[in-house]
Amino acid sequence: MYDFNFRVLVPYLPNFASGALLTLELSALAILASFPLGLVGALMRISRHRLARGLATGFVEAVRNIPLLVVLYILFYALPAYGVPLDAFMAGVLGLTINSTAFTIEIFRSGFAAIPPGQYEAARALGLRPVQSFGLVIIPQVFRIVLPTLGNQVVAVVLGSAQASIIGVGELTYQTQSVGSATFRYFELFTLAALFYILCAQLIGVLWRLISGRAARAPLGA
Amino acid sequence: MIASGHFGSYLLLLLEGAGVTLELSLGALILGSIAGVVLGAMRGSRRRVVKALAAIYIEGLRSTPFVILLFLMYYAVPVALNLDIPPYPAAITALSLHCSAYMAEVVRSGIEAVPKGQWEAAAALGLGYPRIMGLVILPQALRVMIPPTIGVYVSTLKESSLASIIGFVELLGQGMAIRESNAGHSTADVLLAVAFGYFIICFTLSRLGLRLERHTTRDLRQGAGAGGTVRG
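Chain order of the listed sequences is A and B.
Read in order, the letters of the first sequence correspond to residues 46 to 267 in my numbering.
Read in order, the letters of the second sequence correspond to residues 892 to 1123 in my numbering.
So that you can see chain A by itself, here it is in the shape it has in the complex:
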């Protein structure tokens, strides 16, 4: 039987702490960038301008059908050849942002699709200009509809951030691997890493429900 030995790992606690912190930083940046971009992209996708719609649709289709790792490799290995040097962290943030934006566009788009047409008509009947009806009537309701799905997207970004380790971002997965090659306690290490991500996902779920709170539970006006 395999002997678990967690004590050997104690001296490496600072590595895990800094790795976990970087995981959260990386994810937070990608989420903060991709959520507003996703809203803009969704507005483009439902817009009447063919160019705007085409650009947003093309972006979503391209990103959703290419693995995140390939996007990370392109940013990290291929862009420098075109004179755009990105360090691993920047490439990681950018890759995750691109990926998350595509999925967030789809989330917001389905939110817009769920708004009854009567809401648009009512806003116009009140004499609101398009910007006002979107800003004051439609988008607040869209937010309520998409809040739970956005929570899932936050979790997806945190899980995806583990792939940034592959281009050398020193986040949790990277630290786990490097401590593994020093101690050879791979079993304990990767079990702990898995638990870290599972715990993160659960915590985000609970926090998200707390934050969304009343907004998500309140009934929608038909």
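Keep in mind that the hints were calculated from the coordinates and are not lab data.
Certain hints may be false.
Stated by the list, open to error - Quick list of in silico lysine to any residue cross-link-like pairs, SDA-like style, CA-CA up to 25 Å: (1) B:Lys942 to A:Gln247; (2) B:Lys1007 to B:Gly1019; (3) B:Lys942 to A:Ile243; (4) B:Lys942 to A:Leu77; (5) B:Lys942 to A:Val251; (6) B:Lys942 to B:Gly1025.
Go by the hints and put chain B onto chain A.
Using the frame of chain A, we list chain B on its own:
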């Protein structure tokens, strides 16, 4: 840039890689579906312990990054069991596990889509749970499950690109090998070609899934009028 003379042979290597990618993820999808049916049925069970076990498995796997799962299979399990696991078995096991959690959810929602009357009718015929599930519910649920299964296949296929980091040569692995053999001079071309390869495969599959989904929802809506049955 790639020297034009090599272009043909590189293309051949990438096509071969794409074949390996399709095969690896299809293998994982099949294994994952088998486990997914069992797990999905467990989640629908009335026994609390069975239900909870399935829920923990599904939730745990769905919130573990695939990279970690892959490293667990490739680095951790060999250390723990004192055996050697080559890249291919490690990759297909990790992918199947990952896939099974998602397939379980597909199976569960497929089962939920079958009208309650079917359960009652089957029970009235005197069938027990395994038979109701196997003979009545699952065959009807299968129809609804096909489009989301294609979705799982696409996401499994994308995740399979991570197998390249443990040294398994599929589409991305093939691309990175070509890049290395050119001392990094062809990086952009090769990576874009690889990205294009994944795009073509995934886009085609996604479209197919969408078309099938439209069919199914239309049939379901028509079926709902006639007593809510799904014709298989």
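Here is what the structure says about each hint:
no.	hint	verdict
1	B:Lys942 to A:Gln247	holds (19 Å)
2	B:Lys1007 to B:Gly1019	holds (15 Å)
3	B:Lys942 to A:Ile243	holds (19 Å)
4	B:Lys942 to A:Leu77	violated (36 Å)
5	B:Lys942 to A:Val251	holds (21 Å)
6	B:Lys942 to B:Gly1025	holds (18 Å)
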